[in-house]
Each structure stands twice: as structure tokens, then as C-alpha cells.
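**Q** All chains, full assembly: derive it from the sequences and hints.
One point on numbering: in the numbering used here, the residue at position 948 of the sequence shown is 948, and numbering is uninterrupted.
Honestly, I wouldn't trust all of these hints.
What the hints assert, rightly or not - In silico DSSO-like pairs for lysine-lysine, Cα to Cα no more than 27 Å straight-line:
1) K776 to K806
2) K804 to K732
3) K854 to K776
4) K893 to K806
5) K520 to K691
6) K28 to K77
7) K795 to K124
8) K520 to K479
9) K952 to K124
10) K776 to K642
11) K520 to K463
12) K732 to K854
13) K854 to K807
14) K28 to K43
15) K806 to K854
16) K454 to K180
17) K463 to K180
18) K804 to K883
19) K454 to K124
20) K883 to K257
21) K304 to K883
22) K795 to K893
23) K795 to K691
Claimed, not checked - Now the in silico label distances, taken between C-beta atoms and shown as ranges:
24) E125 to S83: 40 to 48 Å
25) N452 to G559: 25 to 33 Å
26) D815 to K732: 20 to 28 Å
27) F615 to L788: 37 to 45 Å
28) I874 to V525: 46 to 54 Å
29) R392 to F855: 55 to 63 Å
30) E774 to A593: 38 to 46 Å
31) E378 to I874: 31 to 39 Å
It should be emphasised that the hints constitute simulated quantities derived from the structure, not laboratory data. These figures come from a predicted structure and were not determined experimentally. All C-beta atoms, glycine included, are put in the ideal place defined by N, C-alpha and C.
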Amino acid sequence: MKKHYLLFVCLFFGSLSLLHSQITGTVKDEDGTPLPGASVVKKGTQVGTTTDFDGNFTIDAVIGDRLIVSYIGFEPKEFLINSTILTITLVSGVELSEVIITGSRNPNRTATESTVPVDVIDVKELANVSPQVNLNQILNYVAPSFTSNTQTISDGTDHIDPASLRGLGPDQVLVLINGKRRHTSSLVNVNGTFGRGSVGTDLNAIPAAAIQRIEVLRDGAAAQYGSDAIAGVINIILNRSVNELTLTTTTGANFSKNANDQTGGSDGATTNVAGSYGISMGERGGFLNLSGDFDVRQDYSRMKEWEGDVFNLYNTVERFARADGADLSLLLDNDVTDVLQYANAAGIDTQGATTKADLQPILSGDNTTAELAARGLERSDFNMRVGQSALRGGRFFANFSLPLDDNGTEVYSFAGLSSRTGNSAGFYRLPNQSRTYTPAYFNGFLPEINSNIKDQSVSLGIKGMIGDWNVDLSNTYGKNSFLYVIGNTYNASLQNASPTIFDAGGFSFSQNTTNLDISKFYDDVFNGLNVAFGSEYRLENYAIVAGEEASYAQYTANGEVVRLASQQPAVDFFDASRPGGSQVFPGFAPSNALDRGRSSVAGYLDLEADFSDAFLASFATRYENYSDFGSTINFKLSARVKATENLNLRGAVNTGFRAPSLHQLNFNSTSTIFDNLGNPQEVGTFANDSKAATLLGIPSLKEETSQSISLGLTSKIPSANLTVTVDGYFVKINDRVVYTGQFSGPGTGTELDNLLRQANATAASFFANAIDTESKGLDLVVTHDAFLSDTWRLKSVLAGTLSKTKKVGDINASDVLRDAGLIDTYFPEDSRVYLEEAVPRTKVNLSNTFLSDKFVIFLRNVYFGEVTEATTTIANQQVFGTKIVTDLSLGYKATENLTLTIGANNLLDVYPDRAEDAFGNRSSGRFDWSRRAQQFGIGGRFLFARLSLSLK
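**A** In C-alpha cells:
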């Protein structure tokens with residue numbers, strides 16, 4: 001490890017060289033407002049500085065030298081020094097007066113001068129050099145506090161990647177677009193992944209081509225923005241460029257030693273085509289920017305071969321019967337004459353058996369080796385698809401602004417459409433299992449989940465001045481829907497009558513948010529006072545749509561739907577009940593279908609004052625009332641002290657909350673979940689107001705509440721063009737919502753047994769406010785900009801996060817659960833690991849970008865901390881060690897308009913540690929790498945090529 005850190009230090013600090021400074025000047029915007037924190041560098045040297053609060057700077061230079069001046073949101077400018085006192089005006093690229101810096105409603109606030117940590121990520125730049133093309137993965141590799149990975153064998157979560165900030169849940173970070181609340185996905189994660197039980201935002205529904213930059217607020221902000229902003233806020237700023245056409249094509253694949261089920265070669269090919277074009281509107285700087293992309297991603301698998309049983313002796317009998325042209329379904333009746341006939345033909349010793357009961361223990365014996373040889377099959381023919389789902393989709397976004405007068409009145413809008421289809425697979429259904437109807441699938445089958453995910457959103461607003469006040473009125477609507485079609489599968493209880501493709505239904509979530517925001521900046525109060533207040537009215541709707549009957553029902557041998565305890569489902573030869581519903585994902589029944597809504601109303605007050613040049617403080621409070629659980633009020637107090645000209649100290653304390661989502665309140669279904677041994681369990685998810693919840697003493701859901709504190713510093717070394725930010729934080733969350741373990745009925749005909757049977761389930765799970773947690777951590781960001789020569793520039797960023805989350809106190813369980821001894825089921829051990837140890841708690845990112853007129857060389861090393869296997873058996877909790885993943889790309893500007901880029905993600909083909917047999921988690925060869933603990937995925941080396949065209 002010391003070598004790795006030495007590498008980081010050498011790469012980063014090898015470019016530093018400290019010089020002195022002397023010419024004076026002021027940097028302003030087009031309106032003459034000073035720009036504090038602007039970067040001023042003497043071209044071709046490492047001599048540089050940043051402007052102070054009044055936009056002033058001093059630098060060592062002489063008349064005739066050239067300065068490079070840059071500032072977030074403005075176009076960089078090269079300036080010829082023609083005097084010892086300069087005034088430099090920058091032209092807006094993305095006007096900060098129109099895009100509020102996240103975490104502050106003061107239009108003059110910059111990231112380095114803010115009271116809380118805000119990362120500003122230039123997505124347009126990353127899109128040119130980074131191997132990643134979707135938003136989740138771009139952020140995963142550039143923002144250490146952000147975590148997202150592609151999941152495998154986890155139903156719908158294979159198609160929408162869960163993401164988190166600071167190690168908290170996917171539903172504890174708020175996403176904004178242009179400062180407006182983004183709707184969440186309709187998917188709730190209930191399978192074995194990090195974030196189980198949570199509902200996140202589908203960032204991959206937003207094309208990277210539509211984004212100018214992303215601001216990541218790493219601090220609680222519920223008092224400013226409302227529910228969900230416990231971990232922080234991600235604000236996506238859309239493109240505003242005009243008179244420029246950009247087209248990008250990226251193609252690549254995994255070239256890895258473990259590709260194609262660990263045989264090597266290439267797999268997982270991906271192609272992305274993206275474009276953006278903007279046109280000017282009117283004569284006052286209006287614009288319409290249109291952006292979109294289309295991509296195709298092939299699946300890949302990393303399973304070598306199935307090591308368990310495949311065939312029994314009854315399957316051998318079937319093989320002989322099939323060769324004789326017999327109807328295999330007739331072997332299942334109680335007349336065993338035909339079974340004995342083919343058993344004798346196969347040379348099976350039937351030991352004088354004359355009845356099915358006599359034959360059952362004999363024919364259940366394993367015969368895998370002989371049967372594989374007889375059928376000309378290999379163990380790898382029974383592999384699952386352990387890796388990446390296949391996806392195909394398109395995304396489109398529009399961003400519009402039209403100033404109506406010279407006083408700042410402006411109509412604006414942005415909208416998005418996204419549609420994608422996915423294909424993933426579940427556990428292979430083997431021919432020796434009761435869930436496989438072998439007359440239809442002689443060698444078993446690999447069931448597939450086909451998703452159809454649609455997302456649409458539109459926001460419309462008008463803003464301007466009423467007197468001296470800035471007023472912004474807007475309405476934002478968004479909807480996400482997720483429908484399932486289950487293919488290459490079977491309802492085993494329907495036997496010969498079953499289809500192989502099922503409409504399993506799905507769900508949708510919609511949200512409409514109306515905002516009124518009013519603010520005014522008083523430059524004559526203290527050194528500046530910003531007053532902001534406003535209100536919000538939000539409507540939400542969650543719906544579950546039922547699938548076709550065969551997708552969810554269990555049937556008797558006569559084809560009748562099982563509705564009563566007295567009815568017996570169809571059975572296999574060994575009298576084991578055949579499960580109902582479509583294998584891998586049982587559909588939603590009419591009893592699951594629902595359409596629920598709620599509303600909330602909120603009001604906020606936000607004050608921010610520069611009491612002096614050295615002291616800034618802000619206060620925010622927000623009241624919110626939900627129609628389904630009541631009211632909450634939250635506060636935030638933050639401050640920044642300018643200890644020296646180049647050193648700021650900052651801190652914040654706040655309270656927050658997260659309302660339980662409509663999904664968590666209402667989701668109910670039956671799904672196939674595999675236990676620690678790889679055995680399938682039909683688990684019913686019941687709502688908290690259900691009879692099953694009452695029987696087990698599961699309380700009604702309520703909001704999560706939080707208290708947090710953060711302390712940090714920002715430091716600039718102007719002579720070295722170096723900026724350092726360090727921030728520590730502590731977050732306590734009470735009544736955190738989790739997805740419980742699986743409660744089973746006693747099997748004695750109790751009311752719970754009957755409820756499970758009606759749901760076609762063997763166990764029940766719920767959403768519950770089961771635990772309290774504490775999270776603490778430290779974030780570090782170091783940036784450096786060096787001009788190595790007249791033609792070469794080096795931009796370096798070292799960013800890291802160290803975090804820890806743990807459950808604290810007793811589990812919040814009812815007396816009913818305690819008296820029944822079910823605490824460990826209410827919050828099981830694997831849920832603790834998912835919460836505390838299933839994603840890296842340490843992540844360090846070192847990025848170096850070398851730029852010249854013709855070339856861009858991008859080098860990035862990301863250090864991923866250790867993770868732990870999430871299993872209820874403590875002895876099986878293998879710890880997977882730390883890894884470093886290296887990305888490298890080379891871009892060549894062939895002409896003024898054309899750039900070619902080649903490169904690699906995971907250049908050295910690094911994989912997480914393999915699952916070891918001693919821990920018992922390989923599930924007979926299914927998982928050579930953990931599916932429950934993710935660091936950076938199991939794709940291996942990804943090589944890509946990119947063609948970028950820019951026409952102005």
C-alpha cells in the first residue's frame with residue numbers, strides 16, 4: 001500500500017513548483033461585478049494566483065506577457081498585459097446569475113467560498129476523455145463520495161443501478177436538474193444488493209451529452225431543499241451552448257482474461273452515439289439546446305461452470321422415454337408401468353418397486369456425470385449470466401431560455417424523454433428441480449427478465465424582477481415507469497398449458513412540483529445580505545399494474561387457480577409442489593395492483609450574510625407537511641471564516657428528514673429470492689398496513705430524521721495554483737427504513753400461513769423503521785493547474801473519502817417481535833453488512849490531464865477500499881481486499897473540428913478478490929466473485945475508441 005500512496009504523491013506533486021507574483025488587476029463579469037476566486041496564470045509558466053473577495057489579484061509578470069484567466073461558469077480568456085494595472089472582463093459560459101450554486105441561494109457565491117463542500121464536475125470535459133459514457137459510472141470514477149455499480153442477478157436492479165453519496169442510502173441524496181427537484185425511479189430495490197429496500201433516482205435516464213456540469217453538495221440540506229437531502233444534493237446543470245453542433249461516437253468492449261465465462265477474449269460490447277446542438281433565440285441571449293444519445297450494451301458473464309447436481313435418475317428415465325417418442329407428461333401420473341419400462345431400459349435397478357412411492361427414493365438419486373455424457377452436454381451449458389445485463393436505449397433532453405426584456409424577465413423550460421429495454425437472466429432452472437417442467441424444457445432453462453423502462457419530464461417557469469426582488473415561479477413534472485416481460489420461462493404448475501412468455505405487469509411513479517422562489521441581495525447590509533424564501537407544493541402518485549393471470553397464479557393439476565387451503569397445486573414425480581407464476585419473476589396479481597397518491601406543502605426561509613470580509617454565516621429553515629404522515633420542520637446553520645487571504649474555515653449543523661416513499665409504503669408482490677445457500681424462496685413483500693404486518697407487530701412507517709455536523713477548510717496557494725479542501729462530517733439518522741428479513745409461518749394452518757399461501761409465497765418481508773445509524777467521514781479534494789510550457793498544461797485532482805456507517809442502539813422492534821424471538825429476522829445480519837460494509841468506505845481518486853493544442857492525455861488511478869460479503873452467517877463473511885483501477889486515454893485533435901480518442905478503463909485488468917471455497921459463498925460455482933459486495937464491478941479491462949466532431 002505504501003507504494004501505491006507514493007505513486008499518488010509522486011504523480012501529483014511532481015508537477016508543483018512555487019513562484020512569486022507582482023502586476024495588479026481586477027477580474028469582473030460583464031456587469032462589472034468582481035469575481036472572487038478566479039484563476040489567473042501567466043501563460044507558459046507555473047506562475048499563478050486567484051482573485052480575492054473583491055476580484056483583485058497580484059501576479060509576477062511584465063508588460064508583453066500573456067495571462068490565462070478562468071472562472072467557473074465563464075469562458076476562459078487569454079489577456080495580453082499592456083499595463084501594470086489591469087481590468088479583465090470575463091464573458092459568461094453558463095451564467096451564475098441564472099444557475100444557483102448548490103447549497104447557497106446567493107447568486108454571487110462560489111464553490112470555494114461556500115460554507116459547505118460543493119464539488120463542481122465538468123461533464124463536457126470528462127465526456128471527451130473518460131472511458132465511461134453513462135452518468136452513474138462517470139460520477140463513480142470522478143467523485144469519491146459517490147458510489148454506483150452495475151448489479152447482477154437482482155431482478156429489476158440489474159437494469160437501474162443504485163447510487164449513493166457518502167455511503168448513505170440511494171434514497172438519502174436529492175437530485176436536482178437546473179435547481180429543480182428530479183423525480184425518483186419507480187423501482188424499489190428488494191433483492192440482494194447495496195441499498196436494499198431503497199428507492200433511488202435513475203441518473204442514467206439523463207444523457208451525458210445534455211450536461212454542462214454537475215454540482216455535488218456533500219452536506220445535509222433538507223432545511224433548504226426538503227425530503228431526501230440527508231446525504232447531500234446532486235444538481236445537474238444542462239447545456240446552454242448555441243451555434244455549435246457536437247457529435248460523439250464511442251465504442252468499446254471488455255478485453256479481459258475472464259471474459260466469456262472465464263475463457264478469455266472480448267465481450268460486453270458497448271456503442272454510444274451522442275449529439276448536442278443549440279440555437280440562439282431572440283436578441284437578448286435566449287437559446288434552445290437539444291441533446292441526446294442512443295446506446296447498445298451487450299451482456300457478459302463471468303461464471304465458469306456449474307459445479308452442483310444437474311440430473312437425477314428420473315431424468316435418465318425421461319431421456320429413454322423421449323428417445324422412444326413417448327409423451328413425457330404421462331410419466332407423471334400414478335401408473336408407473338411406463339416409468340418402470342424405461343427405467344429397466346436404462347439399466348436402473350428398481351429394487352422390485354411397483355409404486356410411485358417405491359420409485360421416488362430410487363429415482364431421486366444423482367446421475368449427473370452419466371447423463372451429461374449421454375446428452376452430449378457440459379457443465380457450462382447450465383451456467384447463469386453472472387455479470388452485466390443487456391441494454392438498449394435512447395435519451396433526449398431540451399433546455400430552453402428566452403429573455404423577454406432587459407430587466408431580467410425570462411421564460412425557461414427543460415424537458416427529457418428516455419426509453420430503454422433491458423434483458424437479464426436469473427438462476428438456471430435445472431432439470432432435477434420441481435420448478436422445471438421437463439416435458440417443456442428437457443434440459444432445464446435460463447429464465448430472462450425483459451424490462452421496458454420509460455422516463456419523461458418537463459419543467460416550465462418564468463422569472464424576473466418585481467421591484468427589487470428576484471421572483472421565480474416554476475412547475476416540474478416527471479414520471480418513471482417500469483414494465484416486465486418474462487421470457488424463456490414457465491409456470492410449472494400449469495404444466496403443458498403454460499406459455500413461455502409472460503406479461504408480468506409493473507409499476508410507475510409520477511411527481512409534480514410547483515415552486516415559488518423569491519430572493520433579494522442587499523449589498524448595503526453588512527458586506528452583503530441575501531434573503532430568500534419560497535414555497536413548494538408537490539403531488540406524487542405510485543401505481544402497480546397487474547400482469548396476466550398465468551404470471552402470478554399457482555394451479556392445480558386440473559388447471560384451476562389455487563385459492564383455498566384445501567386445494568393442492570400440481571406436483572412433480574416426487575410429489576413436490578410445483579411453484580406458480582412465471583419463473584424468475586412472478587407477476588403482479590390484481591391483489592397487488594393499486595394507485596396511491598399523496599401531497600405535500602412546504603415553505604422555507606434562507607438567509608446568508610457576509611458580516612465582514614472575514615465572516616460569512618447562513619441560516620435556513622423549512623416547514624413541510626405531508627398528507628399521509630404529518631409535519632416536520634428542519635434547520636440549518638452554517639458559517640465560513642476567512643482566517644487568512646487564502647485560508648477559509650467552514651462548518652455547518654443541520655437537521656433533516658426523509659419521508660418514506662410511496663413505494664415503501666405501498667409496494668407488495670411475490671418474488672423469487674435466493675438464500676445464502678443458493679436455494680430459491682418465494683418471498684412476499686407485504687405493505688405495512690396489511691394483515692400480515694399486524695400479525696407480526698410490524699409498525700406503520702414514519703419519516704426518517706437526521707442530525708448532522710460538518711467542519712472543514714479550504715486553502716489556496718496562489719503561487720502554486722493549488723487548492724485544497726478538507727471536510728469532516730457526522731450524520732445520525734433515526735428510524736431508518738430498511739427491508740426486513742424473511743418471516744415464515746409455522747406451517748400449522750395459522751392465519752399467517754394462509755396469507756402466505758394466498759400470495760403464492762413461503763415467507764414475508766416488510767419495510768420498517770428498524771434501526772438508528774451513525775455515519776462519519778472525511779473528504780479531501782486537492783486541485784492543481786500547471787502550465788508546463790507554452791503548449792502543455794497539466795490539470796491534476798486528488799480526491800478521497802474515508803467513511804464509516806454503523807447501526808447504533810437497539811433494534812426498533814415491537815413487543816410482539818421481541819416476545820416471538822424474531823429480532824434477528826426483523827433486521828438480519830446480512831442487512832447490517834449491506835448497510836455498513838458492502839461498498840467501499842475508502843475511495844481515493846487521482847486524475848491527471850495533460851493538454852496541448854493537439855493532444856489530451858488522461859490518466860486516472862482510483863483506489864477502492866475493502867468490502868465484506870453480505871450474508872447472515874458471520875463465519876461466511878469474506879472480506880475482499882483493496883484494489884487500484886487505472887484508466888488511461890489519449891486524445892488527438894486531428895483538425896479544428898475532429899478529435900480521435902482511444903483508451904481503457906481498468907487498463908491492468910484488475911478484478912476484485914475471488915470468493916474462496918472456505919467461506920461457502922460460491923453457490924456451487926455460480927459466484928466466483930461476490931454479487932452482494934461491490935467495489936467496481938467484474939467486467940475487467942474495457943478498451944474504447946471515440947470520434948468527436950464539433951462544428952461551430
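**Q** Each of the hints needs a verdict: does it hold here or not?
**A** Each hint tested on the structure:
no.: 1; hint: K776 to K806; verdict: 9 Å, holds
no.: 2; hint: K804 to K732; verdict: 12 Å, holds
no.: 3; hint: K854 to K776; verdict: 44 Å, violated
no.: 4; hint: K893 to K806; verdict: 49 Å, violated
no.: 5; hint: K520 to K691; verdict: 53 Å, violated
no.: 6; hint: K28 to K77; verdict: 12 Å, holds
no.: 7; hint: K795 to K124; verdict: 15 Å, holds
no.: 8; hint: K520 to K479; verdict: 33 Å, violated
no.: 9; hint: K952 to K124; verdict: 16 Å, holds
no.: 10; hint: K776 to K642; verdict: 25 Å, holds
no.: 11; hint: K520 to K463; verdict: 13 Å, holds
no.: 12; hint: K732 to K854; verdict: 50 Å, violated
no.: 13; hint: K854 to K807; verdict: 53 Å, violated
no.: 14; hint: K28 to K43; verdict: 20 Å, holds
no.: 15; hint: K806 to K854; verdict: 49 Å, violated
no.: 16; hint: K454 to K180; verdict: 20 Å, holds
no.: 17; hint: K463 to K180; verdict: 14 Å, holds
no.: 18; hint: K804 to K883; verdict: 18 Å, holds
no.: 19; hint: K454 to K124; verdict: 25 Å, holds
no.: 20; hint: K883 to K257; verdict: 17 Å, holds
no.: 21; hint: K304 to K883; verdict: 23 Å, holds
no.: 22; hint: K795 to K893; verdict: 18 Å, holds
no.: 23; hint: K795 to K691; verdict: 60 Å, violated
no.: 24; hint: E125 to S83: 40 to 48 Å; verdict: 33 Å, violated
no.: 25; hint: N452 to G559: 25 to 33 Å; verdict: 29 Å, holds
no.: 26; hint: D815 to K732: 20 to 28 Å; verdict: 25 Å, holds
no.: 27; hint: F615 to L788: 37 to 45 Å; verdict: 39 Å, holds
no.: 28; hint: I874 to V525: 46 to 54 Å; verdict: 60 Å, violated
no.: 29; hint: R392 to F855: 55 to 63 Å; verdict: 34 Å, violated
no.: 30; hint: E774 to A593: 38 to 46 Å; verdict: 39 Å, holds
no.: 31; hint: E378 to I874: 31 to 39 Å; verdict: 36 Å, holds
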